[in-house]
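Undergrad: The lines below spell out each chain.
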Amino acid sequence: MITPFISTLFSVAHGIPLTLTYSLVPLLFGFILGTVLGLVKVSGPRPVRWLVNLYVSIFRGTPLLVQLMIVAYGFPGLLGLKISAFTAGIIAFSCNSAAYVCEVVRAGIESVDKGQHEASAALSIPYWMSMKDIILPQAFKRVLPALVSEAINLVKESAIISMLPGITDITRQAQIISMQNYSFFEPMLAAACCYYVLTSVLNLIGHALEVRLQQGPKS
Amino acid sequence: MIKISNLFKSFAQTRGGVLDKQVLTDISLTINKGETVSIIGPSGSGKSTLLRMINRLEAPTAGSIFIDDVELTEKTAAELVKKTGMVFQLFNLFENMTLLENIAYAPQVVLKKTESEAKELAANLLQTVGLSGQVNQLPSQLSGGQKQRAGIARALAMNPQIMLFDEVTSALDPEMVKEVLNVIKRLAHAGMTIILVTHEMGFAREISDRIIFMDHGKIIADQPAAKFFEEQKNPRIQDFLSKVL
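For the record, the sequence lines run as chains A and B.
With the numbering used here, letter number 63 in the first sequence gets 183, and the count goes up by one each step, no holes.
With the numbering used here, letter number 132 in the second sequence gets 499, and the count goes up by one each step, no holes.
There may be inaccurate statements among the hints.
One-sided and incomplete, this derived list gives chain A residues near chain B with beta-carbon spacing under 8 Å [what the hints assert, rightly or not]:
1) Ala133
2) Pro137
3) Leu140
4) Glu223
5) Ala227
6) Glu230
7) Gly235
8) Gln236
9) Leu243
10) Ser244
11) Met249
12) Met251
13) Pro257
14) Gln258
Worth flagging that the hints you see were computed from the coordinates, not collected in a lab.
Predicted, not measured: the structure shown is a model, and the values here were computed from it.
For each residue, glycine too, the CB sits at the ideal point set by N, CA and C.
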């Protein structure tokens, strides 16, 4: 019982590199784009803020699976483009993540005490310098737990990529083995174990980062 | 020199401005170079708003402020604000920076000093305010009095001509008040132009050349300190002083 499960686990674990690719790359892009959108939402001109609001509401208000299908099949059909499954996955996940990160970053910036902005202004520090060196570092420290949650969500939701052909992530690996063995329980349990290990590692990294930020600079 | 003429400020409370809250009404006032002026009065009288308008943390609804004969507007603010240093009631030190970084940051990015120049300046100023042992500590590791002395050092690092103190001792434990007031006193004796919003009547009397008394957004009295405290004839001010002295 144990030995076959371990061999299934190893086979399913072959999907880990792809699962990590479809979570960490969108995490990076989503973080960068989301931070920019969050900044625009706090300090951009009104029409641009409306556009960001529209973007966020669309990506948070529709299923990720539908977004993935639109990017992978909808746009290519409509515009006559050829988009690889890899590119479609990265684009859909990054854009979706950016919408969530945008809201997290906005909330973080708005939670920083008004006095920090006033002290910067009183010292004639340019707005964007103050944002970069004073406000954003404090905002990120406050929203780190929410950002770690977003990273964990990305790892779990990356399972949707198995809907596209030819991408053997953890879930797809488990499906293949299930079909070969006519048994779903062990491969899916193995997949669950793999996801759980990945999200637990992310949790630990997040926790370590939080502790480090709490300690602040060396004294 | 600061010249304020016919300054009005109201804060919008509702859309359309029908019920706007009038905070300052027709304030005119001149403050000369090297003068120490204390603004006193009951809470909500507009003292802090007036001070915050001198370094453009609030924009006037009407009227004008001139610093060294240049009108303070959105366009001129960037240059004129550099002439003023502000110290806040709640310190507002940058929470993510050590004391040394707090003080060295603005000279570096605004005055374009090199990192080593800015840090040397910061270390000297921290020594002046008696904080040379705390240079690498975060604001959260300091007492209120230490934070406020660091706040003063941070404002001084920009080499301002005018220092604005907004109720800087109101959030401090009584035993911390003196250490902060001593720093302000040294600045006043060194000839710095100082505008002070304070509830410390004894201190205001000791260091001020002039006292401005405000009530309901208006200046009720603008008198030399000795005359204000010793020959006060205005019944409203007499009543106020009898309660706080």
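Undergrad: Now, for every hint given, state plainly whether the structure supports it.
TA: Evaluation of the provided hints:
{"no.": "1", "hint": "Ala133", "in the structure": "40 Å, violated"}
{"no.": "2", "hint": "Pro137", "in the structure": "36 Å, violated"}
{"no.": "3", "hint": "Leu140", "in the structure": "31 Å, violated"}
{"no.": "4", "hint": "Glu223", "in the structure": "22 Å, violated"}
{"no.": "5", "hint": "Ala227", "in the structure": "17 Å, violated"}
{"no.": "6", "hint": "Glu230", "in the structure": "16 Å, violated"}
{"no.": "7", "hint": "Gly235", "in the structure": "4 Å, holds"}
{"no.": "8", "hint": "Gln236", "in the structure": "6 Å, holds"}
{"no.": "9", "hint": "Leu243", "in the structure": "4 Å, holds"}
{"no.": "10", "hint": "Ser244", "in the structure": "5 Å, holds"}
{"no.": "11", "hint": "Met249", "in the structure": "5 Å, holds"}
{"no.": "12", "hint": "Met251", "in the structure": "12 Å, violated"}
{"no.": "13", "hint": "Pro257", "in the structure": "5 Å, holds"}
{"no.": "14", "hint": "Gln258", "in the structure": "5 Å, holds"}
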